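Trainee: Those protein sequences? They're chains A and B, same order as listed.
In terms of the numbering used here, the first sequence is residues 1 to 328.
In terms of the numbering used here, the second sequence is residues 329 to 681.
Do not rely on the hints blindly, as some may be mistaken.
Dumping the calculated DSS-like pairs for lysine-lysine here, alpha-carbon to alpha-carbon at most 30 angstroms [unchecked claim]:
1. A:Lys295 <-> B:Lys533
2. A:Lys132 <-> A:Lys206
3. B:Lys641 <-> B:Lys376
4. A:Lys246 <-> A:Lys295
5. A:Lys246 <-> A:Lys200
6. A:Lys246 <-> B:Lys376
Listed next, with one range per pair, are the computed distances between beta-carbon atoms [claimed, not checked]:
7. A:Val302 <-> B:Gly607: 49 to 59 angstroms
8. B:Leu539 <-> A:Glu139: 31 to 41 angstroms
9. B:Gln460 <-> A:His155: 32 to 42 angstroms
10. A:Leu81 <-> B:Arg634: 18 to 28 angstroms
11. A:Ala145 <-> B:Arg635: 24 to 34 angstroms
12. A:His155 <-> B:Glu658: 37 to 47 angstroms
13. A:Pro284 <-> B:Arg417: 48 to 58 angstroms
14. B:Pro627 <-> A:Glu139: 34 to 44 angstroms
A short list of chain A residues far from chain B (calculated; beta carbon distances all over 12 angstroms) [claimed, not checked]:
15. Phe16
16. Pro62
17. Gly64
18. Asn80
19. Met140
20. Gly142
21. Gly159
22. Arg269
23. Val296
It is worth saying that the hints were derived from the structure and are not from the lab.
Since we're looking at a predicted model, the values are computed, not measured.
Backbone N, C-alpha and C fix where the C-beta goes; we use that ideal spot for every residue, glycine too.
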Amino acid sequence: MTAAPLLEVRNLRVEFPTRRGTLVALHDVSFSIAPGEILGVVGESGAGKSMTGAAIIRLLEPPGRIAGGQILLEGRRIDNLSQDEMRRIRGRRIGAIFQDPLTTLNPLYTVGRQLTETMQTHLDLSNSEARKRAIDWLEMVGIPAAAQRIDSYPHEFSGGMRQRVVIALALCAEPRLVVADEPTTALDVSIQAQVIALLKRLAREKNTSMMLVTHDMGVIAETADRVAVMYAGRVVEIGPVREVVKHPHHPYSIGLMNSIPPLDHRVERLAQIDGAMPRLNAVPPGCPYNPRCPKVFDRCIVERPDLLDAGSTSAACWLYDRAEAPHV
Amino acid sequence: MSEPATVFEAEDLARYFDVSRPALQRLLSREPRRILRAVDGISFSIPKGTTLSLVGESGCGKSTVARMAVGLYPPTRGRALFEGVDLDRARAAADQRRRMQMIFQDPYASLNPRWRVRDIVAEPIRAFGLVQGGAARRERVAQLLTQVGLSPLDGTKYPHEFSGGQRQRISIARALSSNPDFLVCDEPTSALDVSVQAQILNLMKGLQRDLGLTYLFISHNLAVVRQISDRIGVMYLGRIVELAPAETVFVSPRHPYTRALMDAIPDLEMIGRRRIPVGGEVPSPINPPSGCHFHPRCPLANDRCRREDPVLKPARGTPQTMVACHAVEEGRDTGPTAVPPLERVGSSPATSA
């Protein structure tokens, strides 16, 4: 990567203290996002992908806390800011889109008021300017008759239209980074395609970077530039989208890609990964994937691999350690 | 009367819901009744040992069909026939009910959290009095748990001790415990992660092969449906718009909605490519558009489509496909020879290393 990264996450560690000991939800998570780049984050539920997004915008559910590592936005650390300082960054510099558009919007305010309030909090705008911009934004996200709909309440919109409003809300203060957590999961496929096309267009036009968290590999394949695959609170593989989807290196990524039912042909039996992801209180020593891995060997049981150069991607797997070359 | 090989048959099945406001309010504001036509006259049959899938977006009525198929909703019009016997009349017959079971979408909500797994699985056995004696029943439960890939020792645990995929296995074991012939599966894998989804789909295919089960499979995921179905019905606003053998639907989809739906699915083959999404949204089933329900979003719509309801009939060119579309009937579409919406490159994803 040539340009300085917009967002850099270094060795992020998130812990949940509980009565029965500390659970480590995120373990040494590191990645960066370049300006204008869309990074997809995939993994099964509980892998820590939403947690990573929540840590970046500092909306971790207590008692979860950042216990180590750094988060840098445009070269400045944001993981140690106070909640007050963070509030000015959220919305202005980092926008957020969540899965359920109904719970994201305030049901008691018109969408216009929610948009103008957000813009006026972060930008210096008069009431009439803010209203005019709110209408522009609603038009930009494809809401028909925006000038009339601006005074409607969220419940008067359909699910797809609400998610468009949420996108407008996340982008209206023109943040440099958008954290989108499963933005299309609650939508029907035909609406999902519209929303994905919209997100891609806006990210390109505004040169906004995006962290797109989803479990839907199809969405990632169409939207992201690079992909990070997460498993049990760790990034196990990261690389360009085409490589990770078509030629994954980590055995988990390979299993994950193969278990997606193909749309273009029928198979007698789908490839499956036996077993399930370990719970946080029962992550095995060594590589967390070792109990399910078809290529497991001695070293995987005792020693945890970091991201290693696997050619076109980086994978946290001892198969790609030069010293282990004979095993490949 | 249907042929003996047909396990389930829907005849002009319809279900309306009255969603009017309370009578007094309606009277004061002079509103008419509001009727939601969740399912509006659909017909299909499922031969023994095969899978029919119904696909469509939310609100198209597919789950309502599933509920009518097991008798949870009485139909407003039409009949649901199980081996030729009207479900409405068979409701009292325990044997009929024993032979059809349902698997629900959410394995977190469909299992009683205060019961042990062995009691959950044994409930149908007890209710229908299938096995006499505690020891024999425990043995049957152990056998069922093994059959769905769990350990007999899991019987003493509670549902919260299991992951989503394992819970769905428990639901399947419970459904199988009454030795059914016909399983209605309402989005059984939608709440599951993709690697677990593959496990459950493989399990369901294996059980169908071993036990000769007949499935009515409800899903919104076309890729899943392609893997499991013999025939597919595509639903839009309470009606079946296309009904055909599974491979035919994917190789030569005929109804403009089916084509639009296939175009919209995000796909691994679409890396770095742009698509043109279908415009508009699914209209409300309370006030569906006149004529063909799809006409406001259809690129081929003309005056006749706006006026006249199309009926399901064999498609011109591919008679094994039943399609409800005036454009296909009149030959205004591109025909069956057209390449399916997007030419896809490569075949299967990810096989390196």
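Trainee: Give a verdict on every hint.
Mentor: Here's how the hints hold up against the structure:
1. A C-alpha spacing of about 27 angstroms is found between Lys295 of chain A and Lys533 of chain B, which places the hinted pair at or below 30 angstroms, so the restraint holds.
2. With a C-alpha separation of about 19 angstroms, the suggested pairing of Lys132 of chain A with Lys206 of chain A holds against the 30 angstroms cut-off.
3. Distance hint between Lys641 of chain B and Lys376 of chain B is fulfilled; the C-alpha atoms sit about 23 angstroms from each other, no more than 30 angstroms.
4. For the given pair, Lys246 of chain A sits about 19 angstroms from Lys295 of chain A by alpha-carbon distance, which is consistent with the 30 angstroms threshold.
5. A hinted pair counts as satisfied when its Cα atoms are at most 30 angstroms apart, and Lys246 of chain A with Lys200 of chain A qualifies at roughly 21 angstroms.
6. The suggested pairing of Lys246 of chain A with Lys376 of chain B is violated, with an alpha-carbon distance near 39 angstroms, which exceeds 30 angstroms.
7. In this structure the supplied range 49 to 59 angstroms holds for Val302 of chain A paired with Gly607 of chain B, their Cβ-Cβ distance being about 57 angstroms.
8. At roughly 56 angstroms, the beta carbons of Leu539 of chain B and Glu139 of chain A sit outside the given window of 31 to 41 angstroms.
9. The hinted range of 32 to 42 angstroms is not satisfied by Gln460 of chain B and His155 of chain A, whose Cβ atoms lie roughly 55 angstroms apart.
10. Hint check: Leu81 of chain A to Arg634 of chain B, Cβ distance near 58 angstroms, so the stated range 18 to 28 angstroms is violated.
11. Take Ala145 of chain A and Arg635 of chain B: their Cβ atoms lie about 27 angstroms apart, and the range 24 to 34 angstroms holds.
12. Between His155 of chain A and Glu658 of chain B, the C-beta spacing of about 41 angstroms keeps the proposed range 37 to 47 angstroms intact.
13. Hint check: Pro284 of chain A to Arg417 of chain B, Cβ distance near 57 angstroms, so the stated range 48 to 58 angstroms holds.
14. A C-beta distance of roughly 24 angstroms is found between Pro627 of chain B and Glu139 of chain A, which places it outside the suggested range of 34 to 44 angstroms.
15. Non-interface call for Phe16 of chain A relative to chain B: holds, since the shortest CB-CB distance, roughly 18 angstroms, exceeds 12 angstroms.
16. Its beta-carbon lying about 22 angstroms from the closest one in chain B, Pro62 of chain A satisfies the requirement of being farther than 12 angstroms from that chain.
17. For Gly64 of chain A, the non-interface assignment is confirmed: its Cβ lies about 21 angstroms from the closest Cβ of chain B, beyond the 12 angstroms cut-off.
18. Here Asn80 of chain A stays apart from chain B, with its beta-carbon at least about 34 angstroms from theirs, past the 12 angstroms limit.
19. Its beta-carbon lying about 16 angstroms from the closest one in chain B, Met140 of chain A satisfies the requirement of being farther than 12 angstroms from that chain.
20. Not every CB of chain B is more than 12 angstroms from the CB of Gly142 of chain A (nearest about 9 angstroms), against its label as outside the interface.
21. Its beta-carbon lying about 8 angstroms from the closest one in chain B, Gly159 of chain A breaks the requirement of being farther than 12 angstroms from that chain.
22. At roughly 6 angstroms, the least C-beta separation between Arg269 of chain A and chain B is not larger than 12 angstroms, which violates its mark as non-interface.
23. A cut-off of 12 angstroms between C-beta atoms confirms that Val296 of chain A is not in contact with chain B; the least separation is 14 angstroms.
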